[in-house]
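Using the sequences and the hints, build the whole thing.
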Amino acid sequence: MIELLAPAGNLERLKIALLYGADAVYIGGYEYSLRANAINFSQKELEEAVIFAHKLHKKVYVTVNIVFHNKDLEHLKEYLKSLSQMRVDAVIVSDIAVIKTITDNNIPLEIHLSTQASTLNYASALFYKNLGVKRVVLAREASKEDIKDIKVKTGLDIECFISGAMCTSFSGKCVLSNVMTNRDSNRGGCAQICRWMFKISDEEEIFSMTPKDLNMSTFLEEMIDIGVNSFKIEGRMRSIYYIATVVYEYRRLLDKIMSHTLDVKDIVYSNLIINRCANRESVPQFFHKMPTDEEQYYLGREEVSNQDFLGVVLEEGNGEILVEERNYFKVGDVVEFFGPNMEPKTVKIDNIYDEYKNKLEIARHPGMHVYLKVQGVSKFCMMRLKVFDKNNYL
Amino acid sequence: MENNYYVIVTTKTLSEKLKESNITFLFPLEGFSVGYPTTFKLEEITCRNAYLFINRILDHNSILQLEEILANLPSNIKGIMFDDLGVLYLLKKMKKKIETILFLNHFNCNYLSIQSFLDEVDSVVISTDITRKETEEILKKTKSRCIVYGFGYISIMYSRRLLITNYNHHFKLNASRKNIITNDLGKNFRIIENEYGTVIYTGEAYNGLRKYKNTMKGYLINTLFFTDEEVIKILRQDSKLDELYPYRYLSEEETIVRVKERNI
Chain A
125 MIELLAPAGN LERLKIALLY GADAVYIGGY EYSLRANAIN FSQKELEEAV IFAHKLHKKV
185 YVTVNIVFHN KDLEHLKEYL KSLSQMRVDA VIVSDIAVIK TITDNNIPLE IHLSTQASTL
245 NYASALFYKN LGVKRVVLAR EASKEDIKDI KVKTGLDIEC FISGAMCTSF SGKCVLSNVM
305 TNRDSNRGGC AQICRWMFKI SDEEEIFSMT PKDLNMSTFL EEMIDIGVNS FKIEGRMRSI
365 YYIATVVYEY RRLLDKIMSH TLDVKDIVYS NLIINRCANR ESVPQFFHKM PTDEEQYYLG
425 REEVSNQDFL GVVLEEGNGE ILVEERNYFK VGDVVEFFGP NMEPKTVKID NIYDEYKNKL
485 EIARHPGMHV YLKVQGVSKF CMMRLKVFDK NNYL
Chain B
3 MENNYYVIVT TKTLSEKLKE SNITFLFPLE GFSVGYPTTF KLEEITCRNA YLFINRILDH
63 NSILQLEEIL ANLPSNIKGI MFDDLGVLYL LKKMKKKIET ILFLNHFNCN YLSIQSFLDE
123 VDSVVISTDI TRKETEEILK KTKSRCIVYG FGYISIMYSR RLLITNYNHH FKLNASRKNI
183 ITNDLGKNFR IIENEYGTVI YTGEAYNGLR KYKNTMKGYL INTLFFTDEE VIKILRQDSK
243 LDELYPYRYL SEEETIVRVK ERNI
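Those protein sequence lines, which keep their order, are chains A and B.
Counting in the numbering used here, the first sequence runs from 125 upward without gaps.
Counting in the numbering used here, the second sequence runs from 3 upward without gaps.
No wet-lab data here; the hints were simulated from the structure.
Calculated lysine to aspartate or glutamate pairs in the EDC-like style (CA-CA distance at most 16 Å, straight line): (1) B:Lys180 x A:Asp326; (2) B:Lys174 x A:Glu328; (3) B:Lys213 x B:Asp240.
Partial pick of chain B residues on the chain A-facing surface, computed with a CB cut under 7 Å: (4) Ile65; (5) Gly88; (6) Phe109; (7) Glu139; (8) Ser161; (9) His171; (10) Lys180; (11) Ile183; (12) Leu252.
Note that beta-carbon positions come from the ideal geometry of N, C-alpha and C, so glycine has one too.
In structure tokens form, the structure reads like this:
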């Protein structure tokens, strides 16, 4: 089984992730999840998420991965029971309190060990396997040899991150946020202090710990060969455009690997798209070597923002589409549509109409609804500025 | 000295100078510890009733090396304090009869986790990331089997990355001593790197001695950055201890989770 696992910070993003090709999503409820400042899911939305995913024969994993304090334990059992009743496919946990609550109360929930537990060796994985864990999300620091060894010696399902932001620290081993801002990093409040700038001793150059993002596109095939089961994308705080883009590209790469049609040009093209969407450089990190200064930033946040995301298609029919605008575009712009089960489609904008079918030269207000005369594009497709011409790369 | 102390040894001479019977020495094991400039080979650990201190997250290679070491432990090694649960798995597999103390740094913040781990190990070090009130509740529910972080600089970040080496390389700097980082507000933190990673410590020593009502197994004392003489004074509970070391870390104010929870 090869699974593409995507993040979803709310119901809209969950639907996008699944429609764009994720086999499963991981999400958090209002409590007990490490992205406390994401929108997250109410109980009702969790139920809706599971129903939506299961209709597509896809899976939902719920993160219950904070490090619990005494008072957090109060409603844990009831919460876990409710997740079980909703038929979520697994919970992702890091605290043994959650594992024991599930097993001691015979709550029928599959348990996945969170990357927060920083598992890097087979013995640690077997310790958790003996407690009832079925899958381990390995530490992002895992090397190829670590992964191989754990797979061979434990037989556990292995999940690895392939894309997205990295912590500087081992997950769970950093409380810089607690100390500097009182925001609890291990209960979802991380203030990302590792992306701040520091001075070190008497040196003049700024000291930085900021890692570049993770991008494992060049190693996907090797990861499959050594037994990785689930390929995880980071980013529960990310936008629908980010989710759609990254899921779309990794789905394409994994499908090509499985059909033995992957060419290095596919990876080059996908990386251009992914890096532009993430606004940050992304590179492999620990899989094939120890990261050096090349895998870090030293001059602060080097993100370059852009306004590539132009809109999302809300409706289609009669040779036109209704688009909710996200960024300025105008007549004459060359744009690209991409979406579930379709190849990117290039379109030159000839006409723009407002909701009352008045002609416009420019769509300038994010959130406004406009009609475009475009065919072969369906609901949920994303519209972006055309930056890279696929024909130049593939 | 009525309390029991578990003392992490950070100089080659400290264990010779302290002979009190209520002190258990923990030796950072060479190759298996991070954040400690002084580590010990097994043959260097000569005191009776010594404990190993293993705080690295171990990769596939190091867990194999550790398995060999555990198979041939000298008889004076009576216990191990460790972070990686793979160590516990190995000890159980090998049926080793030595005392096991879990130091799962930044975890073990609640009584249920600690009670669960106490089914597996002899004792657990309670996290420093909770308030004194939360710690008291845990102590009450765990029947004297917990160790409380009593004194010393606290590790607040552990990275596998070689952050100082990378920095030197990037800016083409020499490997001069770099041991303090400072944020924009002028707050200092200590930083130590070895080949297994980088650890950032608080800028001040936490003092949690004499603060707990409930009984415990003992206090953990981290002697890093202190001279032997300073450690002796601290353990003998200098009457000015609270005055000299007023830093209470996170023990007095509960951390928040969402930004909107902040009291302004």
